[in-house]
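There are 2 protein chains.
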Amino acid sequence: MNNDYSLNKARLEYKPQFPSLLKEIVSMNFSVGHVLPAQNEIKDLFPKTVNRPIVTLCKGERKQSAALRVGVVFSGGQAAGGHNVIAGLFDALYEMMPKSVLIGFLGGPSGIIEKKYIEISQEKLSLYRNQGGFDLIGSGRTKIETPEQLEISKKCMEELQLDGLVIVGGDDSNTNAAILAEYFLQNNCSTVVIGVPKTIDGDLQNEFIEISFGFDTACKTYAEMIGNIARDALSAKKYYHFIKLMGRSASHIALECALKTHPNAVLISEEVASEKKTLSSITAELADLIEKRAHAGKKYGVILIPEGVIEFIPEIKILITELNALLAQDSPHLEQIDTFSSLSEKISFVTELLKPEAANCFVSLPESIQKQLLLDRDPHGNVQVSKIETEKMFVETVTTELERRSDQGTFKGSFHPITHFFGYEGRAGYPSNFDANYCYSLGRMAALLIRDRFTGYMSCITKIHLAPQEWVPQGIPLTTMLNMETRQGKEKPVIKKALVSLKGKAFMTLQAGRKEWMIEDHYLFPGPMQFNGDIRLTDTIPESLQCEF
Amino acid sequence: MNNDYSLNKARLEYKPQFPSLLKEIVSMNFSVGHVLPAQNEIKDLFPKTVNRPIVTLCKGERKQSAALRVGVVFSGGQAAGGHNVIAGLFDALYEMMPKSVLIGFLGGPSGIIEKKYIEISQEKLSLYRNQGGFDLIGSGRTKIETPEQLEISKKCMEELQLDGLVIVGGDDSNTNAAILAEYFLQNNCSTVVIGVPKTIDGDLQNEFIEISFGFDTACKTYAEMIGNIARDALSAKKYYHFIKLMGRSASHIALECALKTHPNAVLISEEVASEKKTLSSITAELADLIEKRAHAGKKYGVILIPEGVIEFIPEIKILITELNALLAQDSPHLEQIDTFSSLSEKISFVTELLKPEAANCFVSLPESIQKQLLLDRDPHGNVQVSKIETEKMFVETVTTELERRSDQGTFKGSFHPITHFFGYEGRAGYPSNFDANYCYSLGRMAALLIRDRFTGYMSCITKIHLAPQEWVPQGIPLTTMLNMETRQGKEKPVIKKALVSLKGKAFMTLQAGRKEWMIEDHYLFPGPMQFNGDIRLTDTIPESLQCEF
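For the protein sequence lines, the chains are A and B, in the order given. Position 352 of the first sequence, counting from 1, maps to 867 under the working numbering, and the rest follow consecutively. Position 122 of the second sequence, counting from 1, maps to 637 under the working numbering, and the rest follow consecutively.
Think of the hints as simulated: they come from the structure by calculation, not from any bench. Mixed in with the good hints there might be a few duds.
Since the list gives no way to pick out one identical chain from another, each pair is judged satisfied if it fits inside one copy or across any two copies.
Unchecked claim - In silico BS3-like pairs for lysine-lysine, Cα to Cα no more than 30 Å straight-line:
no., residue 1, residue 2
1, Lys907, Lys792
2, Lys753, Lys792
3, Lys538, Lys752
4, Lys1018, Lys614
5, Lys631, Lys813
6, Lys752, Lys639
7, Lys1030, Lys907
8, Lys530, Lys752
9, Lys752, Lys658
10, Lys907, Lys753
Just so we're clear, the structure is a prediction, and the values are computed from it rather than from any experiment.
Let the sequences and hints guide you as you build the complete structure.
Quick look at the structure:
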């Protein structure tokens, strides 16, 4: 019964749903909306691509399109649905004119610079439709930034005679797309540059972008595991599960997973920052929770921790900043620290150099975290925040606090913690039906934006709370999303990372429920993502978006 | 679209499939097969329950059944499908005679001793059908062993006037069921005891038991994650994922997951033992793999590690045995070790006490593993093997080996390892259709075995490679599965844990494929378990069983 069929094959056969507006691709037109004012610095940096209007797809006259030559590139980490962006783009180009050509740059933006690419054929693509990962063409983190890189990219476009380049990426990559679009216009390169919003982290979100693709699948995958673990906790009744979730700085993933599973506690980094919660106050809160549950006869629980939280705890933020300066690439201390053989000597040495507040914070941390802060550094000498085992840090601080309370006689009970980290398993799995449909639509829309030469635009799909047929495709000028921000000491144009809004409906929904979830158990068990059957199970959108409607 | 429906509800509505033979429950009979000889020691220990025949369900005369009073208890760790054993049992009892009563003992076998139980009603049960976890009645690890416990259990049966007791558990719990059945018969207690084979580990398997329940769901859950990670590795092309899998001593789970996902390497503990592989030889093999893949331009990979492997590496096995003796509960060394404040002093102290071979092995281990071996001990002073972070141990030893090769100039490349441990997330999720059907059938069969008073029998379902309607329910006397084994210095009757057979078809299938999987990438992406749609996706049985047919 096995082996002859698989989900892989079943998903290849899936036909993504997409807006009716994107169906008759040859008779589509754009209605031109209003122009949003850009910041002055942005106007100066992007003279050719500012003051462009938002455009919305609408039914129009049948247009004869020439064959188009288009390139596509993935930038940054995996997000489920990437292959469907390519599929949507490919199908739309083919429907406009079968002689169109789609080129995939290999291994990310470095593929443009090094001219490594493949031509994407129907046959090749047929193995990747509705599949996870980015493996058809790969991805990478190279940025096209320097004048030389920009020039080489332009030459690459010209040599390949590309009418358009689609950059699939997060906030930085879309900023990069805006820069490329401007550069090409200024330098008489006719290639249109289009951005597509990708990131599981959910932080590429604003008044124009309802959600980045991959977020839905990642959260559904993590929520499956969290729900399973909650059910295990509820059955075994003896373990506390501390679950760290990927998601970079913002807590969108932790929030969405909390709405999907109702854990006993979830840290929201933005709330930690806003309420200036210290490590010891968070520790005390978690210990209180465990103590209260012990009173109710419960020795188990589920606690969610966003990976970025450590940067939002004020004293740790200060510590990390000081450590980064102290142990920067060119710092003499970096060499000195290597002269000490034992970890405790290294720790004492660094503690001496820190200012009192940071020093206090540093010595209060568990040894394993001190070690990670000192030794796991990136090539620039910066602490690698994402590698810090925050889940273990909280287990250690909470254990110490509970031991203290136990000695004082206030806490009676046992505490058996287990840690988990969910990240990589949510980035490259089969896209949910939503992500499959959404990405395919984004790809089709990108083709139309290229046809009508809207360079420096992002392909957007709006009204995603409706059925896919009713979704509304828009083109948004990337420059309208740009702000100036200080990055590594320099003022740079960037798309602002969206943090969780503490006034947003998603957070409010959490607030309304979380008190009850603490002691009573209201766990939900979302289970494995389903692709077939009742549409209310298979075609859902994220809870945090659903809250908004 | 969200919130109003969920997988939870959808699964409640699922109707498990089961053998046609189990449908007309009132007109079933048993055909009596041959008697299998028991070992002499077993005959002496189980005089009343040896020499019983295997019985197979068949169509018979319509039988009038009296109302039955039955108890059910979960013993040990969670396995998906437990609630369906209860559902099958409940429905069958009700169909025989609506006045039958089903009692669930709470929190495992201690519920029998402490007389903590609930009566299971249709209404209560209706929230747990086809759901994961054991939370309707909980589970526990207490064993009913001492004369006092046996006597109390007998009294409990008599007070509750139970016609039958169904013990849902692994090898130890089913041994316990055999002991209880014998004790009850010897002491004129009329309660029939029936065992049901449960464990995700797959090690409760023999010529009579095709598979224990929960194994299928656990492996499908882990394989989803492994496949997602493999796709991520293939896309990002920069990480080596070392994935440890739950499963206790045996490597059934690792083997099954390997057949489902085709990783670049998988350790099989039984093979490690059989080929007397040392830690350094395994390390060298993994380093070779990474070196060869680097030559092929591949800096990524996926490696599966069964959690029990550390006990099968000969020199570590010796080390653990010596450490267990050295640091036993009543050992003077245990106190002495606490007098040293630093880890390195503790390590030196213990190293001095070990015999040369064990000492050599101990000093060769990474510090973090030395620490776990010394400090993470159970109440008896034994090393807690399952808590040792074997995946990190291999990362450390492989890193060191690659650095050595790099210094020698033989390895050129980068090695970025990431570790994972999958365990708890696979024990309590929604049972696969297979586990849902299988467990429901096991429960129905248990009711019939009680009706016809086959005490000391295990409820078994055979021919599971066929459609559920054609499965064949059997009753197997537990005594035929018992062997004498030395446990903690004493000869005890036990059901032998099934290790992976290196001559079995499942392992042969792995052998046939694994060479190709090493350098070429043949990853499979099973994706999330599906409950609806094509039966070839939703109703599969484990690959390692499929191989047998």
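A quick look at each hint next to the structure:
1. Lys907 with Lys792: Answer is within: at 19 Å inside a copy they meet the 30 Å cutoff, but 33 Å across does not.
2. Lys753 with Lys792: Within. Shortest intra-copy distance 28 Å satisfies the 30 Å Cα cut-off; inter-copy 36 Å does not.
3. Lys538 with Lys752: So Lys538 and Lys752 fail the 30 Å test inside a copy (53 Å) and across (36 Å) alike.
4. Lys1018 with Lys614: neither (50 Å within a copy, 56 Å between copies)
5. Lys631 with Lys813: Answer is between; shortest inter-copy Cα gap is 17 Å, intra-copy 58 Å.
6. Lys752 with Lys639: Answer is between; shortest inter-copy Cα gap is 20 Å, intra-copy 50 Å.
7. Lys1030 with Lys907: within (24 Å within a copy, 37 Å between copies)
8. Lys530 with Lys752: So Lys530 and Lys752 pass the 30 Å test across copies only (29 Å; inside, 44 Å).
9. Lys752 with Lys658: Classified as between; 18 Å across copies, 49 Å inside a copy.
10. Lys907 with Lys753: So Lys907 and Lys753 pass the 30 Å test inside a copy (18 Å) and across (25 Å) alike.
Hint compliance for this structure: hints 3 and 4 are broken, all remaining hints hold.
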